[in-house]
Amino acid sequence: MAKRPISNVTLSNRKWALGYTIAGALLFLIYQFLLPWNGLPDGIYRGVYQWMPPAAVNESLVYVIMALGLNIVVGYAGLLDLGYVAFWAIGGYCAGWFMSEFFYFLNIHFFGSVGLDRPGIHINFWMVLIIGGFVCALFGVLIGAPTLRLKSDYLALVTLGFGEIIPQVFFNGENFFGFNISNGTKGIVIVDPIPVGVKNLGPFDFGWKLLIFILLAAVMVFISLRLRRGRLGRAWLAIREDELAASMMGVPLMRTKLASYAVGAFAGGLGGVAFATHVNGVYAERFNFAISIFLLAMVVLGGMGNVWGVILGAFVLSWVNGTGLVAFGKTFNSQFGTNIDFASFTFLLFGLVLILMMLFRREGFLPESRLKLVLNEDELDTASEAKKAKK
Amino acid sequence: MKKNPAKVAVIAAATAALSLILVSCGGGSGALVIASDLPKQGGSADQSASTNNAIKLLLKQMNNMAGTYEIEFREYDNSTAAKGSWDDAQCAKNAQEHVAAKDEVAVMGTYNSGCAKIIVPILNQDPDGPMIMVSNANTNPGLTKAWEPGEPDKYYPTGARNYWRVVTTDDNQGSAAAQFAKSLGVKKVYVLNDRQTYGQGVAQAFTTAAKALGLTILSDGPAGEGWDDKAPNYEALFTKIAALKPDMVYVGGIFDLNGGQLVKDKVKYLGDNNKVKFMMPDGFTGYPDFLALPEAAGAYLSFTGLSIDQFPTGGAAEKFQADYLAEYGVAPTSSFSVYGAAAAQAILDAISRSDGTRKGVYEAMKTTVIPADKSVVGTELKFDANGDILSKDITILIVKDGKETFQDKITIK
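Top line first, the protein sequences correspond to chains V and G. Just so we're on the same page, our numbering is the position in the first sequence counted from 1, plus 31. Just so we're on the same page, our numbering is the position in the second sequence counted from 1, plus 109.
Please note: incorrect hints may appear among the correct ones.
To be verified - Partner residues aside, some chain V positions facing chain G, computed with beta carbon under 7 Å: (1) F134; (2) Y135; (3) N138; (4) A276; (5) A277; (6) S278; (7) G281; (8) A328.
Unchecked claim - Here are the simulated DSSO-like cross-link-like pairs (lysine-lysine), alpha carbons at most 30 Å apart as the crow flies: (9) G:K468 to V:K230; (10) V:K230 to G:K211; (11) G:K468 to V:K182; (12) G:K296 to G:K263; (13) G:K468 to V:K361.
Stated by the list, open to error - Chain G regions said to be covered by chain V (calculated; three or more residues, Cβ under 8 Å): (14) 250-261; (15) 425-437; (16) 490-500.
In short, the hints are calculated from the structure, not lab data. Glycine residues also receive a C-beta, built at the ideal position from the N, C-alpha and C atoms.
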């Protein structure tokens, strides 16, 4: 074969980085400098806090990181995962174990952000991120391995099982063969602050935390986009579209599937650690089945397989869930003098949106072009047959 | 190049967001705001609505004034639909918003102790603060006193104690229950817990206190044995317990966690609640489903603070009940709602004696006392240096004819 320049490393494929940087920088500037500015009109300040408070943006970004990870498993490799929350839990507990006073009988410090006299394990946030990512990747492989022979519904059931087992282990982890590994439902509270060289980020430095979360999401976007273009990504897509055909063409099924679980779980680890620093603690109650479904809805609604669609889906859903509907309700009620509890309609809204999407736009907000073709295959076929018949 | 749909969507979203922001510009009126921070979705929704109503009624009765300050009330929701209960991320977000809302001076809440553990440290580090929080329902001891390693100091990074509560803690409830068990003549007790923070806390306190009183605890472990809330029945569990011949089974936990089945199987395998006594904490109070069970008859319940029918008569407490009924047409869901109003009473008292700043309210709150005849719960609201309430009343109820009936009142010294 003649050697051609590798076509997927062109500038146009990196153009996203520019747009992403601009959007990220804009968000950072708004929340870091504009919002605390004294000259800002009071109305805008209240408006921002009502409609898009800094903590909500940060939370959404954590969801973005997770959804991007799930997108690799579900969107790229086509392996339905109903237990993704397990990785979030493992990542979260990595932060709980390595960045707090939880193991109060130990005194291990490694570039931590608290004084040396504090008991517990205190490892630097950036290292815990990597540890969390790799521990999750390891668990991804462990969980993935026994499910390799399963397909579709059966695979979904097994992942569902894992997604229930791991959080339950943490839930009851106060006495795990005599050891307290999770503090049960009391959770591990007060996680070390994030050190950024010059200082530790306190509870009100959301601007800087926002920047860090944007960076982490960027890492996941980069990984997603680059992998998709490469050999591994194309192998995932091949498996997604036809597993049998892919294996006939020489795609190593086991290795490829395990890789998707590992990469997807890695994102769960990053997100879990980030989330723990966001809420300043780890609570077992968070890791329930509903959150797995919520993440899956983000991927499906946004556009399975398309990174930008998934980001949009994650932002929209987490915003509606946490802030949007309540803020809308407040405005609506004060405008019309009503007293309707809008937050209680969240499920109705979600259900309605999902039904409407499935009826009219199965491929999601921003669909992946390839998936759109697959989903509309029948219609295209009938259309072309009709054309033929006309001729 | 064809138009990128992503860009169009982003621009559309940005425009929409901006227009919403501009629409929602509302000016401040100069009033001081107290906020409530409660789970308004999921299982606790009714309870939270009733609590907010009680506070609104209280404010209405005071003409929205505390001393010379005009007061506004703002409700926050710390639950989300996706979780169906309190949400840790929502607690973190609310905490930031309390601090950012410049007109807010105090927070009434939270319902869940876990949520308080997220919010209190953030309010504590408020640059204009500390900002105070007074809870009507947190019973986890670690928030105010040495309980687990690092508690409670880790919740107060600046050292200022900006947290108070108007209900007493789980450990007191457990020890009151142990005292009551002894007074019944019970000798041997088997302890169960629901494996959650609250249930384990109560069960552990009960176990410790009962041992100190000389009772025999038949179960192993510091908090007894955990029951599996997903089990279809508890035949194995109670058959095992029956072999040990206890005089009483103590259950630390909440009714929601398959408590109905547990109660049925207790009576089925151990006999009725006269033969083998049966006792639970306030995690079983206020549930009509529990009271409707024929097997619940004769069971004892303990309750932190006073149950509504035990509020002293003749004073502000009785009047508040009547006013609530007149205003909303129903009685408060449980006394936690009224304790919410009591917490607000303490906050308003602190505001009236302050200079209207968060710091001022914090300083004033330290010396807040609401005398018994003015308090909406009928007992004196006075706090120790940790922020815990001094009157440690525990009510013991008995289930009789499908109703919670007063049995005894125990005051912890």
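Results of checking the hints against the structure:
no.: 1; hint: F134; in the structure: violated, 10 Å
no.: 2; hint: Y135; in the structure: holds, 4 Å
no.: 3; hint: N138; in the structure: violated, 12 Å
no.: 4; hint: A276; in the structure: violated, 30 Å
no.: 5; hint: A277; in the structure: violated, 29 Å
no.: 6; hint: S278; in the structure: violated, 34 Å
no.: 7; hint: G281; in the structure: violated, 34 Å
no.: 8; hint: A328; in the structure: violated, 9 Å
no.: 9; hint: G:K468 to V:K230; in the structure: holds, 26 Å
no.: 10; hint: V:K230 to G:K211; in the structure: holds, 26 Å
no.: 11; hint: G:K468 to V:K182; in the structure: violated, 61 Å
no.: 12; hint: G:K296 to G:K263; in the structure: violated, 39 Å
no.: 13; hint: G:K468 to V:K361; in the structure: holds, 29 Å
no.: 14; hint: 250-261; in the structure: holds (count 4)
no.: 15; hint: 425-437; in the structure: violated (count 0)
no.: 16; hint: 490-500; in the structure: violated (count 0)
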